[in-house]
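Asker: Okay, here's what each chain looks like letter by letter:
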Amino acid sequence: MLERLIEEAPLFFNYHNLVFIGQAMARTLGMTVIGCSVGFVLGLSIAIIRQSASRVLLPLRIVVIIYVEFFRRIPFLVVLFIVLFVIEPMMPGTSLFGIATVSVCLLSTAFLSEIMRAGLESVPKAQIEAALALNFNALQTLTMVVLPQSWRVILPPAAAFVVMFIKDTSLASQLGVIELTFAGKMLVNRGFSPVLGFGAILVCYFALSYPLSRFAAYLEKRLATS
Amino acid sequence: MRHLEITDISSSYGDQQVLRGVSLGADKGEVVSLIGPSGSGKSTLLRVLVGLTPPTAGEVFVAGERVDYSSNAALKALRNHMSIVFQQYNLFQNMNVLDNVTVSPVKVRKESRAGAEERARVLLEKVGMQDKEKAYPEELSGGQQQRVAIARALATKPEILLLDEVTSALDPERVNEVLDTIRSLTNEGITMVIVSHEMSFVREVSTRVAMMDEGRIVETGTPEQIFTSPTEERTRDFVSKILAHR
Numbered sequence: 001m002l003e004r005l006i007e008e009a010p011l012f013f014n015y016h017n018l019v020f021i022g023q024a025m026a027r028t029l030g031m032t033v034i035g036c037s038v039g040f041v042l043g044l045s046i047a048i049i050r051q052s053a054s055r056v057l058l059p060l061r062i063v064v065i066i067y068v069e070f071f072r073r074i075p076f077l078v079v080l081f082i083v084l085f086v087i088e089p090m091m092p093g094t095s096l097f098g099i100a101t102v103s104v105c106l107l108s109t110a111f112l113s114e115i116m117r118a119g120l121e122s123v124p125k126a127q128i129e130a131a132l133a134l135n136f137n138a139l140q141t142l143t144m145v146v147l148p149q150s151w152r153v154i155l156p157p158a159a160a161f162v163v164m165f166i167k168d169t170s171l172a173s174q175l176g177v178i179e180l181t182f183a184g185k186m187l188v189n190r191g192f193s194p195v196l197g198f199g200a201i202l203v204c205y206f207a208l209s210y211p212l213s214r215f216a217a218y219l220e221k222r223l224a225t226s
Numbered sequence: 001m002r003h004l005e006i007t008d009i010s011s012s013y014g015d016q017q018v019l020r021g022v023s024l025g026a027d028k029g030e031v032v033s034l035i036g037p038s039g040s041g042k043s044t045l046l047r048v049l050v051g052l053t054p055p056t057a058g059e060v061f062v063a064g065e066r067v068d069y070s071s072n073a074a075l076k077a078l079r080n081h082m083s084i085v086f087q088q089y090n091l092f093q094n095m096n097v098l099d100n101v102t103v104s105p106v107k108v109r110k111e112s113r114a115g116a117e118e119r120a121r122v123l124l125e126k127v128g129m130q131d132k133e134k135a136y137p138e139e140l141s142g143g144q145q146q147r148v149a150i151a152r153a154l155a156t157k158p159e160i161l162l163l164d165e166v167t168s169a170l171d172p173e174r175v176n177e178v179l180d181t182i183r184s185l186t187n188e189g190i191t192m193v194i195v196s197h198e199m200s201f202v203r204e205v206s207t208r209v210a211m212m213d214e215g216r217i218v219e220t221g222t223p224e225q226i227f228t229s230p231t232e233e234r235t236r237d238f239v240s241k242i243l244a245h246r
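Going down the list, the protein sequences come from chains A and V. For the first sequence, the working numbering assigns the number 1 to the initial residue and increments by one for each residue that follows. For the second sequence, the working numbering assigns the number 1 to the initial residue and increments by one for each residue that follows.
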């Protein structure tokens with residue numbers, strides 16, 4: 001077994017395979033980064049809309065609540081197929097990577113909005129009343145009082161979510177997106193040992209998620225003491 | 001014309017009526033204190049005045065002008081003249097002392113930062129907190145936070161200052177430092193409405209005292225009248241119980 005691996009290793013780690021794995025890693029990272037960045041922005045918007053008491057926003061509030069509750073309760077794989085079968089007929093020729101990224105956006109928006117809502121709600125009402133009494137407008141209250149105080153509640157679970165989602169993007173392989181998991185499968189299909197093929201993929205996943213979890217742990221520690 | 005005129009104000013939390021037709025007035029520079037048992041509506045009255053709790057009936061006039069509590073623009077105009085200091089200080093936890101005091105002048109009133117900081121330092125010196133301008137609220141004692149909160153309220157140059165049980169959350173040995181600070185403000189022409197359980201303090205600084213019970217004003221008078229010869233049974237009862245505890 002070990003002999004076979006040693007024999008195979010130089011063949012496996014050739015230039016072509018390394019570029020192939022590198023590209024797959026970039027796709028995994030791309031889906032996560034684009035998806036979660038969009039999720040951050042849209043999730044924050046949803047959290048703010050849900051917190052507002054404005055009557056004008058009531059219909060919008062109902063829509064976003066339905067959206068959040070719906071997408072938090074369906075598996076990522078199902079979201080992928082829904083998006084595929086909705087987008088494909090509407091915009092033929094959309095890349096599978098694009099479809100997978102849109103799916104990540106949809107799901108991460110729903111989950112991150114809940115994390116951010118919890119963060120916004122963690123700020124005591126008295127802080128907001130103090131801002132009101134000092135004549136802050138809604139935007140000033142949000143940017144100068146509420147957000148700066150909610151980061152310490154938002155960041156640790158948000159980072160944990162992103163780390164988790166790096167792994168969940170592997171489901172996009174079911175769609176045929178050549179991300180890390182799919183790349184591993186292809187390498188094994190080409191005849192390489194599964195230990196090498198999936199071993200390399202495992203190392204890549206670890207390399208992506210470990211620094212992020214360390215960063216999250218660092219943030220958690222720093223925010224807790226400040 | 002009185003500086004602050006409250007006529008027949010009522011207010012409810014849900015279906016519980018907290019204020020049942022309160023009328024009270026204050027001339028410019030007067031210090032009016034509200035006393036009475038917990039739950040009598042004293043703090044609610046202050047919250048209504050500054051627009052944090054909506055009134056269900058009645059009217060408030062500031063310098064002869066009726067305040068429209070349903071209009072955001074009117075509330076903004078009102079709060080340009082009126083500040084409140086809360087029982088729990090409510091300093092912004094994410095800002096240091098100096099930023100807490102300057103944030104409203106700079107960001108809301110659009111004053112120059114240099115001017116606002118200069119004024120903030122004068123105010124911090126007045127409340128004895130000039131050495132702590134870089135400290136964050138959580139590094140300060142309750143009494144220190146409350147003194148900063150008073151400086152923050154004064155930074156907006158209020159003509160009317162509302163003080164809501166500002167010493168109730170403090171350790172006993174911290175009470176006097178805050179009371180001293182307030183005492184030093186009473187001669188500056190600011191109209192003050194004070195809710196307090198510190199009876200000797202109320203007696204000393206107030207020009208008038210109003211006794212509240214169950215959402216109504218039971219009796220109004222000079223501190224002398226209220227504390228030595230109240231006409232209402234309820235006031236007599238309350239005052240004697242409070243003074244007996246001292």
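Incorrect hints may appear among the rest.
Cut-off 20 Å, straight-line C-alpha distance, at most; resulting in silico cross-link-like pairs (SDA-like, lysine to any residue) [claimed, not checked]:
(1) Lys221(A) <-> Glu139(V)
(2) Lys221(A) <-> Leu139(A)
(3) Lys107(V) <-> Ile128(A)
(4) Lys107(V) <-> Glu129(A)
(5) Lys125(A) <-> Gln87(V)
(6) Lys125(A) <-> Glu117(V)
(7) Lys107(V) <-> Lys221(A)
(8) Lys110(V) <-> Ala53(A)
(9) Lys132(V) <-> Arg174(V)
(10) Lys110(V) <-> Leu132(A)
(11) Lys76(V) <-> Pro148(A)
(12) Lys132(V) <-> Glu117(V)
(13) Lys157(V) <-> Ala53(A)
(14) Lys134(V) <-> Asn137(A)
(15) Lys107(V) <-> Leu142(A)
(16) Lys125(A) <-> Pro54(V)
(17) Lys76(V) <-> Gly199(A)
So the derived label-pair ranges between C-beta atoms look like this [claimed, not checked]:
(18) Glu88(A) <-> Gly14(V): 28 to 36 Å
(19) Gly21(V) <-> Pro75(A): 57 to 65 Å
(20) Pro75(A) <-> Asp131(V): 35 to 43 Å
Derived, one-sided and incomplete: chain A residues facing chain V with beta-carbon distance under 10 Å [unchecked claim]:
(21) Phe97
(22) Leu132
(23) Ser173
(24) Gly176
Treat the hints as calculated values from the structure; they're not laboratory data. Glycine residues also receive a C-beta, built at the ideal position from the N, C-alpha and C atoms.
Asker: Hey, does the phenylalanine 97(A) contact hint survive, CB to chain V under 10 Å?
Answerer: 40 Å, violated
Asker: Do the alpha carbons of lysine 221(A) and leucine 139(A) lie within 20 Å of each other, as the hint requires?
Answerer: Judged against 20 Å, a Cα distance of about 29 Å means the pair is violated.
Asker: Looking only at beta-carbon atoms, does the pair glycine 21(V), proline 75(A) fall within the given range of 57 to 65 Å?
Answerer: For glycine 21(V) and proline 75(A) the Cβ distance comes to about 60 Å; the hint holds.
Asker: Taken at face value, is the distance from the CA of isoleucine 128(A) to the CA of lysine 107(V) at most 20 Å?
Answerer: Within the cut-off at roughly 16 Å; holds.
Asker: Would you check the hint for lysine 107(V) and lysine 221(A), treating anything up to 20 Å between C-alpha atoms as holding?
Answerer: 31 Å, violated
Asker: Within 20 Å, alpha carbon to alpha carbon, are lysine 221(A) and glutamate 139(V)?
Answerer: 18 Å, holds
Asker: Mind checking the CB of serine 173(A) against every CB in chain V and telling me if the closest is under 10 Å?
Answerer: 43 Å, violated
Asker: Taken at face value, is the distance from the CA of glutamate 117(V) to the CA of lysine 132(V) at most 20 Å?
Answerer: 14 Å, holds
Asker: Lysine 125(A) and glutamate 117(V) were given as a pair; does the straight-line alpha-carbon distance stay at or below 20 Å?
Answerer: 27 Å, violated
Asker: Please verify whether lysine 76(V) and glycine 199(A) have alpha carbons no more than 20 Å apart.
Answerer: 64 Å, violated
Asker: Mind checking the CB of leucine 132(A) against every CB in chain V and telling me if the closest is under 10 Å?
Answerer: 7 Å, holds
Asker: Looking only at beta-carbon atoms, does the pair glutamate 88(A), glycine 14(V) fall within the given range of 28 to 36 Å?
Answerer: 52 Å, violated
When each numbered hint is compared with the structure, violations occur for hints 2, 6, 7, 8, 11, 13, 14, 17, 18, 20, 21, 23 and 24.
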